[in-house]
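**Q** Residue numbers (this note's numbering), protein chains in the order written: chain A, 335 to 561; chain B, 307 to 559.
Rather than coming from a laboratory, the hints here were simulated on the basis of the structure.
Take the hints with a grain of salt, since some may be wrong.
Pairs of lysine-lysine, DSSO-like flavour, derived with a Cα cap of 27 Å [stated by the list, open to error]:
no., chain 1, residue 1, chain 2, residue 2
1, B, 436, B, 382
2, A, 420, B, 540
3, A, 348, B, 548
4, B, 540, A, 348
5, B, 537, B, 437
6, B, 417, B, 502
7, B, 449, A, 420
As the structure is a prediction and not an experimental result, all values here were calculated from the model.
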Amino acid sequence: MTRTRFHQGLDDLKQKLLAMGGMAEQAVERAIRAYDNRDIAVCELVLRDEAQINAAEREVDELSIDLLAMQQPMAVDLRFIIACIKINSDLERVGDQAVNISERVMDMVAQTRSTLNVDIPRMASLSINMVRDALNSFLTANAEMAQSVLERDDLVDNMNREIFEAADYAMTHQVEAHRDALDTLIIARNLERVADHATNIAEDVIFWVRGTDVRHRAEGQTLTGSS
Amino acid sequence: MDAGIHVKDLNAWFGSTQALHGINIDMPDKQSTAIIGPSGCGKSTFVRCLNRMHETLPDTRVDGKVTVGDMEIYGKGVSAVSVRRRIGMVFQKPNPFPTMSIYDNVASGLKLNGYPNRSELDGIVESSLKKAALWEEVKDDLKKKSGASLSGGQQQRLCIARALAVEPDVLLMDEPASALDPISTSKIEDLIFELKKQYTVVIVTHNMQQAARVAEFTAFFLMGNMVEFDKTEKMFTKPSDKRTEDYITGRFG
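With the rest of the complex left out, here is chain A (with noise of 0.2 Å):
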């Protein structure tokens, strides 16, 4: 083994990335149990620690751009930086989804609450699990796994689907409730984004591992046999 420094360096940066992932996922985690609850103490939780995530985001694009202008990087190195650099603004907008999140809820407390029929902590769960999964694929360079997680997209997508309907509904015969429906609603679409960048830190894991970019397939078109 050569190179024994940029590979620390290399190794430094995974580390940081998965410390950074997991705050994003436990931010998220807590802004949907702020939800649960209607609490606004955790919610003002999740946007105190926001500040974390986005200091551990300018940490990580230090060390990358470091990486790419001193060691000049090579093939899988490459491929595993230029990954980290796009996982890392992912998993900021992950947190951004969080606070998001944290704010409606914080908006929700002082509301009529609807009666929707919606169940936004499975959606939270699906979500989260995928962000999850992501980030485990990455740290066991688990392409498979990350291809997994693509699959699981369009499930999200048709629940937010299903509660655009729902709101719509709501607000039209419940229209004292209209502005709590409207939270929902947009927690949904927060929830479908962070569903989103899960499944573009999957593709930019695969683009690491495999050296192949599978963004923006058609629709239907399979996965297997990417590689």
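We have chain A; now place chain B onto it with these hints.
**A** Same frame as chain A, now just chain B:
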């Protein structure tokens, strides 16, 4: 005329030690191909086989087939001199003739071949120095200054001009910039980029970033074998062979 280089089952020896093992490669016409690999992998031996320089060393042997256009390099009756006229070479350390003027350095190959016409010679010297991107820097001192009075980077471009003066089809470069500073190196790299429009260029380099910058194709050599040959961008982003990947990412070598 097509001046692609086609190598088939090329083997080379130093005494009883085999330095190249069955190399097969087709390097396209008017493109530049980089040869990379760790020290002792056979990359310099390989390019020296392309213009029969390997046989100038004692106790060496080559077999296999190398063709450039219609010329079979190791064909019966083909002289090493005629091969080297079509396949020029530039070495790691600039080696101008130290006592000759800049002009005579460039003209030396033609003069050795008894080139008689003085005014044509002037034209060839000028165009060769222009192709080597040195003309502007030396045009007022052509006959006043010796080759040795130039800087290292200028000397290397002088050697390139000298190689181009005999109008070769192929230019072999064995680590042409490894003894130069970054500015001179970038001038040589820019020059390679221009030269490959007219010549087939083969460049041996230890500097993988240099290979990535100047070559359309890259071949990776290891222990006398050619492991992989592909488009440079593929070699440096997604090589097919694990050994190539391990080498270019610094996991060995």
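**Q** If a hint holds in the structure, say so; if it does not, say that too.
**A** Hint check results:
no., hint, in the structure
1, 436/B / 382/B, "violated, 37 Å"
2, 420/A / 540/B, "holds, 21 Å"
3, 348/A / 548/B, "holds, 22 Å"
4, 540/B / 348/A, "holds, 25 Å"
5, 537/B / 437/B, "holds, 26 Å"
6, 417/B / 502/B, "holds, 26 Å"
7, 449/B / 420/A, "violated, 58 Å"
Comparing the model with each earlier hint shows violations of hints 1 and 7; every other hint is respected.
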